[in-house]
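Visitor: Given next are the chains, with one letter for each unit.
Number of protein chains: 2
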Amino acid sequence: MNWEDLAKELSVQTDSKIVLLVIDGLGGLPVQGKTELETAQTHNLDRLAMKGCCGLTDPVFMGITPGSGPAHLALFGYDPIKHQLGRGILEALGSDVEVRQGDLVARGNFATLKNGLIVDRRAGRIPTSECERLCGILNKTLAGQRDPETTLFPGKEHRFVARFRTAGLADGLTDADPQKDHKPPVPTKPLAPEAAKAAEVINRFLDDVVKILKDETVANAALLRGFSVPPSIPQMQDLYKLKPATIANYPMYKGLAKLIGMTTYDVGPETKDLFDTLEAHYKEHDFFYIHFKKTDAAGEDGNFEAKVRAIEEIDAFIPRLDALKPDVLVITSDHSTPSLMKGHSFHPNPFLLVSPTALPDEIGVFTERECVQGLLGRFRSIFAMPLMLAHAGKLKKFGA
Amino acid sequence: MNWEDLAKELSVQTDSKIVLLVIDGLGGLPVQGKTELETAQTHNLDRLAMKGCCGLTDPVFMGITPGSGPAHLALFGYDPIKHQLGRGILEALGSDVEVRQGDLVARGNFATLKNGLIVDRRAGRIPTSECERLCGILNKTLAGQRDPETTLFPGKEHRFVARFRTAGLADGLTDADPQKDHKPPVPTKPLAPEAAKAAEVINRFLDDVVKILKDETVANAALLRGFSVPPSIPQMQDLYKLKPATIANYPMYKGLAKLIGMTTYDVGPETKDLFDTLEAHYKEHDFFYIHFKKTDAAGEDGNFEAKVRAIEEIDAFIPRLDALKPDVLVITSDHSTPSLMKGHSFHPNPFLLVSPTALPDEIGVFTERECVQGLLGRFRSIFAMPLMLAHAGKLKKFGA
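So the sequences go chain by chain: A and B.
The numbering of the first sequence is my numbering, which starts it at 1 and goes up by one.
The numbering of the second sequence is my numbering, which starts it at 1 and goes up by one.
If we strip away everything but chain A, and leave its shape as in the complex, we get (with noise of 0.2 Å):
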């Protein structure tokens, strides 16, 4: 019997209302003796600390970096190791494609082709009317093949996803991308017998493209990676008898998120947009995932100043958490981002709790550094759903 079998057990529905705040890729290291997490002013978060208790999260376990896929799926309770997703997947989900068990998926670029070569992976990036135009052009003649159902949904600027809906496909299959330019197109390939039928699928249909775009000059070819199937992943109102809602602007997170069974609703560009769609749809669930993206963006550009300021943009907005009064408050992030690293790390992230069954420690300054002397220890993030659970009151008893 494992976390989801007990969970499925033990979980009751009630009022009771938690609220996650995810600062993407919070957690840092230092540049001047101080982490960026140290030198930004965080008035809010330090008086939440004061209030609450806190620990340091493993997403997977010591040492090993996530991708944004495991971390999340961690800190709602899943397993990484036991579920993993394809990137194809959260696109194609966070793009609102409708996918179905037995449906492939992948990301595509529009790319350039002449003489043989990939002479521009990006195709000059086509302006998004123009990728609009191609795939329209695509699907409708596609329409054409009876088997399989392939379909094109354009993203930004080169930027699609492929669908690919025709029984008999499995995923395990290398990236069909060169990866650099002035290199000759590539076949996907399988990996394991089972791919075989989604092989020639994809690379029938790659070669269709270039006979199709035969009289485009710019973006006449395409490339695919991330050939995913979409997993079979318990839902969250299943294991849990929750709500839960997504409060995010970024495709990628409201795709894991409708995965799992969440709501997702649609949120403008701004921070203030979160705050303003979780007052609206405060009433509606019980459970909610509050994604800010700008601290893991500036990490990853490794700016040092901007991740601060991300930091202190977010802080400003804790009062507007704080008024709703939820019954549990958490505020951690999904994997660290040190911009001295330029992109995700292994190092622990910082994790606040805030409720009143919880009992507070002595940490009033909400760091990396103060965050491992909490209460809370320092923890796999998959204890992060149980943790929220009982402190919500939403967990029964386990035995006699």
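Any given hint could turn out to be false.
Because identical chains share one entry, a pair is satisfied inside a single copy or across any pair of copies.
[Claimed, not checked] Derived lysine-lysine pairs resembling DSSO-like cross-links, with alpha carbons at most 27 Å apart:
1) K51 x K283
2) K17 x K325
3) K241 x K342
4) K342 x K34
5) K82 x K241
6) K8 x K342
7) K82 x K8
8) K34 x K51
9) K8 x K241
10) K82 x K396
11) K180 x K396
12) K17 x K342
13) K342 x K325
Keep in mind the hints are simulated off the structure, nothing from the lab.
Starting from the known structure of chain A, arrange chain B on it as the hints suggest.
Guide: Using the frame of chain A, we list chain B on its own:
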């Protein structure tokens, strides 16, 4: 290889002695800023904390509120998710009912049946002598049935334990108890096909009771719940090469201890009786589990002051433990019972280990919030047993 296999391989019999004092439900939550343990004057516990090392435990894992069964099993080194115990089994063993593999036991109530409705689920809490008389009548009459062999064991007031002995019984049965007064009796239902025979046997017994007691006016029916068969669970002797003893005066804790092979003693109801019994049998065993109940009882009653007094009461007896100079002394709780929550909770348990082989830490006050700063950190209760055995020199080196 799990801990059980490792324990069998690594444990060695030695003369060293381990004393484990379980202060039931010790962990709490603050009222006016301080928990029960922080409020109590505990000079003796604090003095031990100064000598030893401290930590905080999670009985199952973070967020899970355990019943007494799983919480204790974890302290004895048994995975509480792997070894799940029925309430009926604990009650039976604690009531000195002999239970063999293949038996099915349940907790029973005498009840009042009138015009087809259970009008009093406790039969007016009949005196214990009445319960004994009725069990006697039923046992005598049912002795005529050769299959199954059914025996009732009277408890206090209206309570009894029922034991069914015949081939082919399995548990996985709903309670035969309407849960509320003024409802008709409910038969048990099997939750899986293998429990079908047991359901038939039980429902026939319930009908027989009504027939046999038809001339009784108050206690003329029976309710049964918590149907369970004895789990097959390894014995402490086999796992750890210990001669373990339980010093407890509540049936359920003695029952649990018997199940894993511990010797139990008749202990009087006073706190003093626990220590008298321990001293009387100190030469005969190398592992002692002492169970102090009053802290949990006060927590369940929501009585903060009574819990503080109970903590101070047990603190006064600590010098008697100390005087025995055990090689390892551990003082902890099975689970938390904050008086604020009037019940078991998921909060972690203070844990204190004193041994000449321990590395003492800086903790000098035995409280929930001090313990987290201790050398042992926050850990799952299942590691208590390896820690105790190790500090007592009862675990060989693993690997070469």
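Visitor: Can you name, in rising order, the numbers of the hints this structure does not satisfy?
Guide: none
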